[in-house]
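In order, the protein sequence lines correspond to chains A and B. Residue numbers for the first sequence follow the numbering used here, beginning at 1 and rising by one. Residue numbers for the second sequence follow the numbering used here, beginning at 1 and rising by one.
Some hints here could point you the wrong way.
[Unchecked claim] Calculated lysine-lysine pairs in the DSSO-like style (CA-CA distance at most 30 Å, straight line):
(1) B:LYS120 with B:LYS168
(2) A:LYS141 with B:LYS137
(3) A:LYS97 with B:LYS723
(4) B:LYS723 with B:LYS564
The hints are simulated quantities; they were obtained by calculation from the structure and are not laboratory data. Just so you know, these numbers come straight off a predicted model, no measurement behind them.
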Amino acid sequence: MAGLGDVVRGTVQIAEAMGVTLKALATKPVTVEYPDEPIAVFPRYRGRHMLRRYDNGLERCIGCALCEAACPTGAIYVDAAENDPENPVSPGERYAKTYEVNFMRCVFCGDCEEACPVEAVVLTQAFPLPEQERRSMIFVKEQLLEPPDANIAIRPAH
Amino acid sequence: MPDLITITIDDVEYKVPNGMLLTDAAKLINIDIPVFCSHPKLDPLGACRMCLVEQDVRGRWMIVTACTIRVAEGMKFRYASPAATQAREDTLEFLLINHPLDCPICDKGGECPLQDQTLKHGPGVSQFQEIKNHKAKRYPISDLIMLDQERCIICWRCIRYLEEWEDKPQLGLFHRGDRSVIDFFPGQPVDAKTSGNIIELCPVGALTNRVSRFRYRPWDTKNIDSICVHCSQGCNVRLDGRIHQLRRVVARENMAVNDEWICDKGRFIHAFADAPERLTTPLIRDHKGGELREAGWEEALALVAQRLAFTADVQGPAAVGALGSAKLSNEAAYLLQKLMRGLVGSNNVDHRGGAAVLADPRGLSAIRDVEQADLIVLAGVDPAEEQPVLATFIRRAVRRRGAKLLILHPRQIEDTRYPGAYLPYKPGQEAALFEGLSRGLLQEARVKERAARLAGFADLVDGLGNAAVDAAGAEAVRLMLSAQRPMILYGPALVSGRAAAANRASLMNFALLAGCVERTFYLAPEANSVGARDMGLLPASLPGHAAIGDAPGRERLERLWGVKLPTQPGLGYDEMLEAAAAGRLRALYLVGSDPASQGPAGQAALQKVDFLVVQELFLTESAKLADVVLPAVSWAETDGTFTNLERRVQRAAQAIANPHSQAAPDWLIFTEMAKLWPAVAGEAKAEGKKSKRKSSGAARQWGYGSAAEVLDEITRAAPMYDKLSWDALGDEGTQWPLADAAGSPLSAVASRRLTPPERRSVAPGRDEYPYALVAGQVLFDYGTLMRQTEVTERVAAPVAVSINPADAAREKLAAGQPVSISSAVGQVVLPVRLDETVQPGTLWIPYSLPGAPAETLLGSVSAGSGARVRIAPGALSSSEKVG
Ligand code: SF4
Ligand code: SF4
Ligand code: SF4
Ligand code: SF4
Ligand code: FES
């Protein structure tokens, strides 16, 4: 048979627990309705790559393949070609004809971005990457190129 | 043992060979003095100051260039002293002041001595803050090479290579000081045939390869040692591949073969290996007149095996023939003739330049022997176009050792610029020319005395008569007699065609009289011309040069192959085409051979055969006529060995593989086809059933699992290949020994008998056809492999007929004007080109131009290199259009 003491203790405990609940009811929830709502990431978060352009629209990437050489997982493939001086893709003589990142391999270390002599490849804060097929996990240059209206915040230096 | 002397470097005494350059001596003792301008294959110059060290000059320490100092007893140097180190660091800092440092877009990046040495010896920072000098970038110095003047560090290597090896000073240094630039002379871009070597010599990215430009990074190509298969020299190369494509070809050192040079064809012409037009699947034409359709290998191979076996059964084996090519590897050539002889039972196998050429199968003694000669006779051969790297060795002999050249050629070829003599002749006059020279030699008492001991002497003297020797001939004779180490080199043009035997006899008479017959060598034309002969890709000889009629030789192969071999010699190249045209040859198998693109006669012949199989890289003119087309792979996509003009058997290893293509190596195609051969398949089945029927074992004869296994069998089939193996060949190859040839069929070639000259009648129809056509090989033509390359249009020989300006004036022809040229067998229309090196009375058309004009006029590829023709102004009408 439970004594009065027990009843009082139980009531206090319930009240304490309810208090937590009630307090939480009053705060904003941490859950984000992803993907309907955007998600905030830390300023130095490293997500999907982007190939940047200059203000005049020319691609920054010169196809030097240094990112490819720097990549520890062999995720990048670059094939360069010669610019047509009349109709250049990038400034100078050389541009990347093919640029691919294999996101099944990439570990988002950022070494590629570190290696790039012209700050062409950057890891953006975009992280949604799931795809239905392996094949589509290889992003080609057209997918990686900065869209004309993109507004990229370059991550602060470490 | 060279005499050793003592020098001191950084207070340590070393013993080094006397007279050696300090940079080289230091290398021996593991001191790596950095250099830019100095190069082991170029004369020391001292242009770049990278190699600065201190030297004790009468008690004072002076800064000197290590690359120009020859060490002598007691010399004292300092390499690691602060002053020397500082001097080198300063040199680098100065070099980098105006260097663009555009390494990320520079093709040299990753293999650049300037990068490497800056890391090792450079200052790490620059004190220079002003604006750099700007000079020309992306500045082509030829159709093949791009110059970036900003990157140049003025080391002179490019200038020196062209002067010292090519003897063509086509690049120079212009302006002074920091404005200095390398440039070509106005209007004269670099056109030396081995110009690409300056790309590799350049210690920075100033000179780059326009064909491979931006297509490779040195760290991400897969590099395979191989050889070049564009000519008979067999230069050693490295094939740099990436994602199944051949991205770049660079030279590999092999002192015996190519030193460390390759020619521009070897370096720049390789797009054919990756060309999108390559055949990737077998094609079958179900009925004559129908279209080619794609098919699987099983179906195509079974069809070929059945139809060839059926034709051999019903029409007789002689109704089946095969034409290979001297570009096929030893393995492919060997298996093709084994298939024809062993399974079809026909000796009808040959290749272009095969039986029709009276070649000396021993080839050249050794390539580098040319550098030891003091007189080189070039008889009907132009190494500058046919073996350009050999040509640089010949020039080296002339420039460095004072050798002279005696040139006998229908055209005044480039090397006639050297001391010696030039004797022009027209095709058909070769024998007369040598007879004249022999007469000249015999006027010398000592020659006569020596020659009198030779068999056939009296008949020769009789036949030669005593016509006078002209001045040029007399000069040639004088050269010949005053030479200590003469060497005679002759090419296929001299010993093919109707007069081949007479030409060779007259050449050999001349060589015997001059006492030079042991140093008279045949320069084979194609990558595997020597190997194709060794492999028996000929109608009358078996692997190892055993004649078909030679019973012991034949029986040896019968035991090896487990079959009975046909005993009658087969048909040669032209004879097969004639037999096809006449309906006697009913099935033809072409492997790397394209008679249809060699003029209308070949085309007509192929149209007549019942069953035509073409095994090729591309849908050639012949393949378009085929009933079955089998896609083969190029030399870069399979293992194979090739035997070069000095009998050196060398490996060409597989460098790339196209995963999207079903094309297969020749050796594999033959092997799989043989397994489907009705007799073989039947036997295999019978053996499987353990039937009592006696099996010859032919089924087991075709079990090759790799090219190396085919080579293993070759070593048993051809005695001179004995003891060779894929592994033993190594990176530098092995020459098959001439000693083993003694007593073999080869020794017959070296007879020491004088042959009386043939009586010749003057060719009729001189007036109707007043000109002599001269046809010949040029480096850059429009052959099947050349045509696949973008650069062809830029570098290939002009598509034109060349005529002496005097003749053009008489005929009232202007440059560029179309003319029609006709011979007894064909007619073509070409634009006129004026050329003083073409003799009056002759017309010059290279082989393998679009539409095959030279071949059309000659009528057959075996007719030799000359024909009588006439020329008349003519517009291009649609029916005669060339190309
Ligand atoms: S982030 Fe790292 S792993 Fe990913 S591509 Fe760049 S270098 Fe490679
Ligand atoms: S992204 Fe940068 S490092 Fe990568 S190839 Fe382009 S320019 Fe070079
Ligand atoms: S030549 Fe060498 S140092 Fe100069 S840009 Fe090219 S890679 Fe860099
Ligand atoms: S172009 Fe190259 S090889 Fe020629 S001088 Fe300049 S740096 Fe030397
Ligand atoms: S290497 Fe000695 S001066 Fe250039």
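Here's how the hints hold up against the structure:
| no. | hint | result |
| --- | --- | --- |
| 1 | B:LYS120 with B:LYS168 | violated (36 Å) |
| 2 | A:LYS141 with B:LYS137 | holds (28 Å) |
| 3 | A:LYS97 with B:LYS723 | violated (49 Å) |
| 4 | B:LYS723 with B:LYS564 | holds (26 Å) |
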